[in-house]
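The whole structure should be built from the sequences, with the hints applied where relevant.
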Amino acid sequence: MTELSVGEYFGRGRNKRRILEVLKLRNGWILLKTEDSKSRQDFKVRTVYQVVPRIRSYTPKHAHFAIDFYGKRCADQTKAMKVLEAIVQVWQGSDVATVVERYRDDVEGLPGYDLEYILHALVWIFEQEDVNFTGRPEKRQKELDEILGISGVKPQERRLGSQLAIALLCNIAQGLHPVDALLKANLDVLPIKRGRGA
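Numbered by the working numbering, the letters in the sequence shown go through residues 1 to 198 in order.
What the hints contain is simulated information worked out from the structure, not anything from laboratory work. Be aware that a few hints might be false.
Unchecked claim - Just the calculated beta-carbon pair ranges, DEER-fashion:
hint	residue 1	residue 2	range
1	R140	G109	31 to 41 Å
2	R18	V52	33 to 43 Å
3	E138	L25	33 to 43 Å
4	G109	Q41	31 to 41 Å
5	H177	E3	16 to 26 Å
6	T59	V6	17 to 27 Å
7	G175	I55	16 to 26 Å
8	K142	G175	15 to 25 Å
9	G135	E101	34 to 44 Å
C-beta atoms are modelled at their ideal positions from N, C-alpha and C, and glycine is treated no differently.
If you want it as structure tokens, here you go:
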């Protein structure tokens with residue numbers, strides 16, 4: 001088995017990237033931050049969910065969290081709103097471990113991803129979006145600000161790139177289907193790897 005540690009490489013061929021950070025979660029999964037190429041500070045987030053007999057992983061996307069949140073909302077709206085509160089708190093800079101402990105009991109029993117995974121993965125994804133953010137039209141920014149306002153979330157001046165992901169989740173919290181929310185956010189809903197049974 002390949003050791004997943006900082007400085008080692010993850011992936012094969014042209015997808016081989018140097019590991020920048022490793023985070024082991026309580027559920028046995030591992031989050032990796034690896035080099036990427038959109039900008040000098042860019043990185044890629046990878047979720048390793050199996051290491052034996054071989055490493056299996058995926059790149060977490062907005063769609064994964066949108067569908068997961070929708071499932072939670074369908075199962076229990078009150079508990080799902082606690083998940084959204086927790087996400088917003090880490091987006092606003094709160095410590096992930098503290099937020100997990102604060103909300104763990106409130107969201108217990110919900111289907112899908114556990115809270116620790118959601119928050120740690122999204123913190124890195126938010127950071128990635130902010131690092132690569134180059135701006136958006138003023139009209140679009142006002143739309144995002146309004147979506148957050150309806151959910152009682154204050155826009156963060158320094159988090160404009162990741163605000164799109166928060167708006168996506170707020171739209172789902174407000175009753176929009178995840179596919180419609182992804183389309184409204186202008187995010188991909190089609191799989192990149194076509195021809196694999198899709």
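Outcome of the hint check:
1. R140 with G109: 31 to 41 Å: holds (37 Å)
2. R18 with V52: 33 to 43 Å: Hint violated: Cβ distance 23 Å, outside 33 to 43 Å.
3. E138 with L25: 33 to 43 Å: holds (39 Å)
4. G109 with Q41: 31 to 41 Å: 39 Å Cβ-Cβ, so the 31 to 41 Å window holds.
5. H177 with E3: 16 to 26 Å: violated (42 Å)
6. T59 with V6: 17 to 27 Å: Given a distance of about 19 Å, which is inside 17 to 27 Å, the answer is holds.
7. G175 with I55: 16 to 26 Å: violated (39 Å)
8. K142 with G175: 15 to 25 Å: holds (21 Å)
9. G135 with E101: 34 to 44 Å: The hinted range 34 to 44 Å holds for G135 and E101, with Cβ atoms some 36 Å apart.
In summary, the structure is inconsistent with hints 2, 5, 7 from the numbered list given earlier, while agreeing with the others.
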